[in-house]
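Student: Sequence lines, in order, name chains W and A.
Counting from 1, one number per residue, gives the positions in the first sequence under my numbering.
Counting from 1, one number per residue, gives the positions in the second sequence under my numbering.
No false leads were mixed into what you were given.
Computed cross-link-like contacts, DSS-like style, restricted to lysine-lysine with a CA-CA straight-line distance of at most 30 angstroms:
#, chain 1, residue 1, chain 2, residue 2
1, W, K139, A, K317
2, A, K287, W, K114
3, W, K13, A, K237
Hints listed in this document are in silico derivations from the structure and should not be mistaken for laboratory results.
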Amino acid sequence: MSEVKIPVDLILKNIEEDRKKTRDRLKKASAVLTGDLDTAISTTPYEVVYQEDRVKLKHYRPEKLRLKTPLLVIYALINRETMLDLQPRRSVVETFLAEGVEVYMIDWGYPTRKDQFQTIGDHVNGYIGNIVDFICATKGVEQINIMGICMGGVFSIIYTALHPEKVKNLVTTVTPTNFDTDKGLLNVWMKQTGAEVLGDVYANMPGDVMNLGFLLLNPARLMIDKYVGFLQNIDNKSFVENFIRMEKWIFDSPDVPAATFKQFIVDMYKKNLLIQSQLVIDGERVDLEKITVPVLNFYGRFDHLVPPEACDQFTQKIGSTDKEDVCFDTGHIGIYVSSKYQREFAPKIAGWLAARDN
Amino acid sequence: MPRSMAAERARATDEEKTMSDSRQQDNDINRLMQSWADSALHFWKSVGAGQGKSGEAGGFSFPFAADEAAGEEKFRTYRSWETALNTLTSLWQLMAAPQNQEATLKSAGSFSETMFQAAAESLENFTEFQNQLIRSAAKIQEHTTAYSFEDFDHGTFESFRELYRSEIQKYLFMPKLGLPREFHEQLSQLADRSTLFSSHLVELLCLFSLPFEKTNRMLQRQAKVNLEKGEFYTDAKQAYNDWVKVLEGNFMELLKSSEYTGVLNETINALAAYKSVKNDVIEVFTKDLQIPTNKEMDEVYRDLYQMKKTIRDLSRKVISLEAQLTAAQQAAAEQTAPEQLPPQQPSPQQVSSKQLPKQQAAALQPAAGAKQATAPAKATAPQQTVTAAKQTSARKRASAAKQAAAGKPGAAVKPRPSPAKKKTGTSQATGKKSSTDREVKE
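Working from the sequences, and respecting the hints, build out all of it.
Tutor: As C-alpha cells, then:
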C-alpha cells in the first residue's frame, strides 16, 4: 500500500496568497468605508397626500400616465415599504412609473404605545378604507387597483372581500392565506408556541424581537455567511452600498400593534380562519367567495417565510373567474429586489393591469 | 405453646429494658438541661448582683441610672437595657423551673431536629442534582448524531430548576410582613422570574451551540477520511463553504425539532412572566417619582382609542346624513318652487363647524399635524345632484367617501416634495429617527 501525500506546499501557497489578498482588500476597504457612500433608499420622488394618525399615503406620479386606474400598494406592518424602492434601477416603484402606472403606497409609520389596541379591522376598515375612499374621491373613480405584500396582502384580501365594490383588480404577492402547513418554520413556531403573550407584555410587539426571530430562521446564512460575504467584498464600493441599503431596510422594523399581532397569530397561524372564510373582522365574516374581481397571485418557490403551500390555495377559494398564480424561483424578498425578477415581476403586473383597465 | 410464651416474655423484657434505657436517657438530658439553665441563670444573676443596687439581688441595674433627679430623658438607654436583661433573666428562671424543663427540652429538640432535617434534605437534593448533572453530561457526550436533535437532553437545566424550586424558591416565597409587604413580594417575584427566565434562556443558547458542535465533528470526521485518501482542502474558501452548508443543515434540523420549539415556548413564557413582574416593580418607582405609570397611560390610551373610533363612526354617519339631507332638500325645493333657484347649500365643512355638536365638529377637523385639505374641488364639492331615490348603499358610501376626502377622519395634506428630492442624500421619510417624522407623528 503506497503512502498518500498531502499537497502541503500548495496549501501553504494558497494561505500566503489569501493573506496578501486580505491585506490589500482591507487597505481598499478603509478607503471605501470612510469615503462617500450613496446608501439612500426610497429615492424615487413622491408626495405625501394624505395622513391619518401615524399612517401616511405616498403618491408617485408617472411621467406618462398609461393606466387610468391608480394602484394602491399595501405593505406589511413588518419592516417598511421602502423595500419596493431600494435603489435606482432596482425599484419596483420605478418600474411601475416607467410602465405608466400611477402608484399610491401606504406608509404605516411607527406605532407607539397608544396604538396597541388597534386591530386588523382598524387597519383594514379604518386606515385602508379611508385611504381608498380618499383616492377614489381625488381621482374621481369608483374603484382602484390594489396590490398587497405579505401581511399587507392579507389586509388587501380582507378589504376586497368586505368591500368588493371598491376594488377593480387585486394583486397579491407572497401573501399567506393558508397557515396550516409545516413547510415554513414560522408556521411551526407560531403554532407550537404561545408567542402572542409577548404582545401583552411589550404593549406592542417590538420590531427588534421580530427581527431576531427572522434571523433565527436561518442563523448560518443570515448571521454568519451574510457578513462573511460582506467582508469578502468590503473593498467593492457598489457592493458595500447595496449591502448597507439592505441592512438599513431590514433592520428598520416598526413595532406591530399588540392587538393586531395577537389577532394575526391566533386567527391566522393557530386557527387558520382566512382560507376557510371563517375570519371575522369588525363583526363581519370575510367570505373569500365574495372576491370576484380579477386576481393575480405571486409567490416564491424558495420562500422560507411564506412557503408556496401557504399561498397556492388562495385562488381556488375565491369567487373570481379571472385569476392567475405565478410562482417565481426565488425567495421572499428576491421577487422585489433581485435583478432577474426586476425584469419580470413589476412589468408583468403592469401588463396584467393594463389589460384590465377598461 | 410454652415456646411462644417464653418468646413473649422475652419480648416484654426487652421492651421494658428499652423503655428503662429511654427513661434513663431522658433523665440524663433533663439533668444536663437543668445544669445548663442553672448555670445561665447564675451567670446573669451574678452580673446583675455585681451591677445591681443592694437589696435587689438578682435584678440587673445601673445604679447611676436610678437617679430620679436625672429625669426621664437621661439614661433612658441604660434603663431599656435593665428592663431587657431582667426580662431575659426571668425567662431563664422560668425555663429552669422543674415543671417547665420538659417543654423547654422538647422545643429545643424539635427545633434542632427541624434544622437537621432541612439540612439533610438540602444535602440529599444537592447530591441528587449533582448525580443528574453528571448523568446528563455523560448523555450529552453520547449523542451528537449528525442532523438529529431528538435526543437532546434538557435534564441538566430541568435539574437546576428543580433544585431551585425545591431549595431556593421557597425562601423567596416566604410570607412578607409589614408596611412594605407588597413591594417585598414583588421584589421576590422579580428575583424568582428572573432566575427562571435566565435558566430557560441559557438552555436556548445551549441549544444553539449544538449545531456548531455537530458540524465541527462531522467535518473533522470527513477530514480524517479525506486525509487517509490523501485529499485535503487546498482552498480555505471551499472549506468554509462546506462548513457553512453543513451548519445550515444542522440548524434547519434543530429549528424544526420539537425539542427546540418546546424550549423556545418555555423561554417565551418565562420572558413574559419576567417582563410582567418587572413592569410591576418599575411602576412602584414611577409612581413614587410621580410619573404616570404605564398602566395609567394604557387606560388613557384605551379611552382615546375608543373615543376616536366612536368619533370616526359618528362622523361617517353625519356625512352620510348630510348628503341625504342635502339631496332631500334639493328635491323638495325643486318640487315646491321650480321657478326659484335652489338656495346654496353649505359645504359639509361649514355645516360641521356651525351646526354640529362640538364633539362631532371636532371630529371633522384635520388630523393633528396634517395641513389643511387641499384635495381637488371635485372631491370637496358636496353631492348635490344625487337624488334620494338613487341612493343605493354603494352610492351612499361613495358619496360619503368623496366628502370624507375633504373632511376626515384623516386629512388630505398639502402635497410636499419627497425628502428624496433634497440634497442631503439621506431620506428623512425613511430615516427611523428622523426628527421631521417624529414631529409629524406628535
